[in-house]
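Visitor: Residue-level listing of the chains:
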Amino acid sequence: MRWTWLGLCVGLWSFAAQAELPEAWDPGLALRRLSLDACGRSPTPLERQTGITEAGLKEVLDGCLRSEHWIGKDGVLWSLAHPKIRPLQAIKSGEDAGSIPLADYEDDYNLFVYTHFGDRDAREVLTANYVVRRVDEPSTQYTAISSSTLEELSRGASVAQLVQPERRAGMLTTRWNLASNTMFTAIPRTTAAQAYRAWLGYDLSRYEGLFPVQGEPIDYDAKDVKPAACAVCHSTLDPLTYPFAHYNGIGGGSPGGVSYRYELSRPGRFQATDGPLVGETPEFGYLMGSPVADLVEWARVAADSEAFARASAADLWGHFLKRPPEGPEFEEVWRRFVQVHEYRVDALVWDIVRTEAYGGF
Amino acid sequence: MASRVRLASVPGLVWALGCSAVLDEGARPVDGIVRRVDEGPDRPPASSEPPVFLKKARQLEADLATALVLPKAEVCRELGSEDCVEVHNIVLGGVEPYSLRIDIPLAEPSATTPLALERLVWGACGRAVDRDLGLGPVEVLEMKADGLDRPASARRLAEALLHGSVQDEQLHALVEFGGELDDEAWALSVCVAVASSFGAVFY
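Order-wise, the sequence lines are chains V and H. Under my numbering, the first residue of the first sequence carries the number -9, and numbering increases by one thereafter. Under my numbering, the first residue of the second sequence carries the number 4, and numbering increases by one thereafter.
Be aware that a few hints might be false.
In silico lysine-lysine, DSSO-like type, Cα no more than 27 Å apart, as pairs [as the list claims (entries may be wrong)]:
(1) V:K216 to V:K48
(2) V:K63 to H:K75
(3) V:K63 to V:K74
(4) H:K59 to H:K75
(5) H:K75 to V:K74
(6) V:K48 to V:K213
(7) V:K312 to H:K59
(8) V:K48 to V:K63
(9) V:K312 to H:K75
(10) V:K48 to H:K147
(11) V:K63 to V:K216
(12) H:K59 to V:K63
Okay, the calculated bits of chain H under chain V, using three or more residues with CB under 8 Å as the criterion [said to hold, decoys possible]:
(13) 64 to 70
(14) 124 to 137
Honestly, the hints are just simulated from the structure, not real lab data. Backbone N, C-alpha and C define an ideal beta-carbon position, used for all residues, glycine too.
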């Protein structure tokens, strides 16, 4: 009897958790589209029979969200990460290494895909202190590993993730991100601006996401960013960047440090090239007007923000709708992603499929 | 083999197939624009411009492979050796971020997209027809004692390539087409016409 009541409660909760289905929504149309968008092929004859009901459609979608087309290498999720990771084969290390092997971006893709399917919280893409391994054969499998620096070194010096586990912040502190964005710079504005654009949807070059901080920019690295025309953006960008300044890129500074590793005193090594004040670059900074103590907190604040939820939902919306998000349906989709689904991307996809924008006629 | 086909008739056949293949019974093409008919006061107002998407290279390849019973690797080979999807990837909606730094698909089809699409379709249809009428197993065409069963073959091709039922007038157009053509040329023409029609390449 107790289980009966429990089942009833679960059923009622599941019903309440479903967004209301639009009246002008065609399951046949939704089936055709989701099969191609999520499975990469038209529906099979069997799916055309079973997928014409809402429950059948959900079953088809669940299968697609475990398919190689969705989670495999160069699959849909993998492809969504291209503009965020910005790979470059010429400096890839590991398998299929380029001519100047610096870092392996496949670790980044692995983490992105892993956090974007199954019963996982997508925010871990920014907050994870683990790394993710992938096996391609016979079918793609991802495994999260809380590896130490020593264990990472056992993978090989050219691919090891060297940031100390307690200082890792998901995609923000991967070897690839530090190699390809921070490179040799003392205050790596490029790294911060790319993170802001990739994960929060704010492109500072388009004057998006400006949250000026009083008293900034201080210009620790003598780049002449105080004039009003520069300060418009740098009063946001510079305090956004300070937490990144304590993670080594490829190299730079004197004496040199250990590449791709957290080092609190790192900015001080750049005084010969960036002036005497650079050593005073703080670890704390500001993200969207909120003070953050370090990059780990930067990542936490970012991951919990409305901007992250909107940007994450917009990525999937763009994949299925082939256009930028707009309208009240998108507003409901991204809010439910946070409030109902607790950042589970599979549930977000189901909500998108159920919109009139996708399956309506 | 393709050179023996009289291509002049194919565009007319494509026109005959029209857009109706992707529409359900509630929709009709009007003035070249796809619109749904009024379904009465009990139904919600329908969009006059429902979004339609062009299949990307890998989607086209997967659908052609399934419909024509071909291994994906054999759907189309440029110069007999290069994977057509790799060769035409970008213009068919793919990306190449690792070397070319093309992270997102082209916003619009390019001038050469139709040519690339035709290359893919010709390649797949050529291989399927060669196999069925040659030494390989008969997978998609229907044969009878004195040659190709055109009505049955047209139905099988259309149902496979359009993923569902096909209207009688569409089948009639296919069967009546190319009476002067030999079986091989007819089968290839019909396959290309259907596989490159609106219903097969858009969704």
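Visitor: Taking the hints in turn, state whether each one holds.
Guide: Cross-check of the supplied hints:
no., hint, verdict
1, V:K216 to V:K48, "55 Å, violated"
2, V:K63 to H:K75, "17 Å, holds"
3, V:K63 to V:K74, "16 Å, holds"
4, H:K59 to H:K75, "15 Å, holds"
5, H:K75 to V:K74, "30 Å, violated"
6, V:K48 to V:K213, "55 Å, violated"
7, V:K312 to H:K59, "12 Å, holds"
8, V:K48 to V:K63, "24 Å, holds"
9, V:K312 to H:K75, "26 Å, holds"
10, V:K48 to H:K147, "42 Å, violated"
11, V:K63 to V:K216, "45 Å, violated"
12, H:K59 to V:K63, "17 Å, holds"
13, 64 to 70, "holds (count 3)"
14, 124 to 137, "violated (count 0)"
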